[in-house]
Amino acid sequence: MLFKEIAIIGFGNVGSSLAKQFHLSGCPVEVIVCRNPEKKATAQNYSKIVVSSVTQIPLTIQVCILAVSDNAIQSVAQLIPPRPDLTVLHLSGASPLEALLPHTNAGVMWPLQTFTSGFAPDWKNIPLFLTADQTQALAALQYLASFLSSKIHVIDEQQRQFLHIAAVFANNFTNYMLTNAWEICQKHQLPFEVLLPMVNELLVKAQTIAPINNQTGPARRNDTQTLARQITILQKYHPEKVSLYQLISEKIVKTYFGND
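Mind the numbering: the sequence shown is residues 259 to 518 in our numbering, read in order.
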């Protein structure tokens, strides 16, 4: 079954990137729901019909893709009249499948990547994770995913939840640590970019070495003198960072040296 009538609801960072990639891959998007008047002209480059409300989506649409925030998924899904021939899906790694109720022919197509305005993602190398309970929904997901990426995985609801938690640690928390490093560099007139080769090397090593075997630093050595000295420096110049430094250092020491 070909799912020719596709609607994308939302035209933010994810929705606009998705619409563009479908367009480039030869998968037509029939309708885009875009509430921002300033973005409608751009949306018209990727779809025949651009509307401002979910209620304006034609009944001929076979697949509705909710490219909206996690908090909006449930309320938007409830605005779409359920039909036996309609598949509704969202793009969130954290939101459950049941957020799409009352639609039972529903699924999740989660691109494991961050989307930031001004940065064009390489869709063909983005892992796509598909979750669906119904055969029709899974068929729609696989059909759509084939236009986007060569790295497609079918996983269940629980697996996706755990993978999203892992992604929070790997990406969001890592960026927060980089933010702390950047703030220290800014305050003391140091070039943040000198840290990037080391960070890049860490990511390269992570592709071949298990991260637990790649830990370095004073906490990994249980170098109590260096740890104490750096905490003293932070207490004087960056007191707001002391608790974070102590917590992470304690966790690393415990991981490699136990409770001793």
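Source of the hints: derived by calculation from the structure; they are not laboratory data. You may find that some hints are simply not true.
Restraint ranges, calculated between C-beta atoms of paired labels, are given here [said to hold, decoys possible]: (1) 453 / 404: 36 to 42 Å; (2) 487 / 417: 41 to 47 Å; (3) 457 / 339: 47 to 53 Å; (4) 474 / 374: 54 to 60 Å; (5) 431 / 486: 23 to 29 Å.
In the SDA-like style, the derived pairs of lysine to any residue whose C-alpha atoms are separated by at most 25 Å in a straight line are [to be verified]: (6) 262 / 300; (7) 297 / 281; (8) 512 / 401; (9) 278 / 401; (10) 409 / 497; (11) 509 / 478; (12) 494 / 481; (13) 298 / 288; (14) 509 / 497; (15) 509 / 432; (16) 509 / 396; (17) 463 / 371; (18) 445 / 401; (19) 509 / 464; (20) 509 / 449; (21) 499 / 409; (22) 298 / 405; (23) 512 / 427; (24) 499 / 426; (25) 382 / 422; (26) 382 / 327; (27) 382 / 314; (28) 409 / 391; (29) 409 / 441; (30) 409 / 466; (31) 445 / 497; (32) 278 / 303; (33) 297 / 314; (34) 499 / 476; (35) 278 / 298; (36) 382 / 362; (37) 382 / 396; (38) 409 / 464; (39) 494 / 409; (40) 278 / 397.
Glycine included, every Cβ here is placed at the ideal spot set by N, Cα and C.
*Which hint numbers doesn't this structure obey?*
Those not satisfied are hints 4, 8, 10, 16, 18, 20, 21, 27, 29, 36 and 39.
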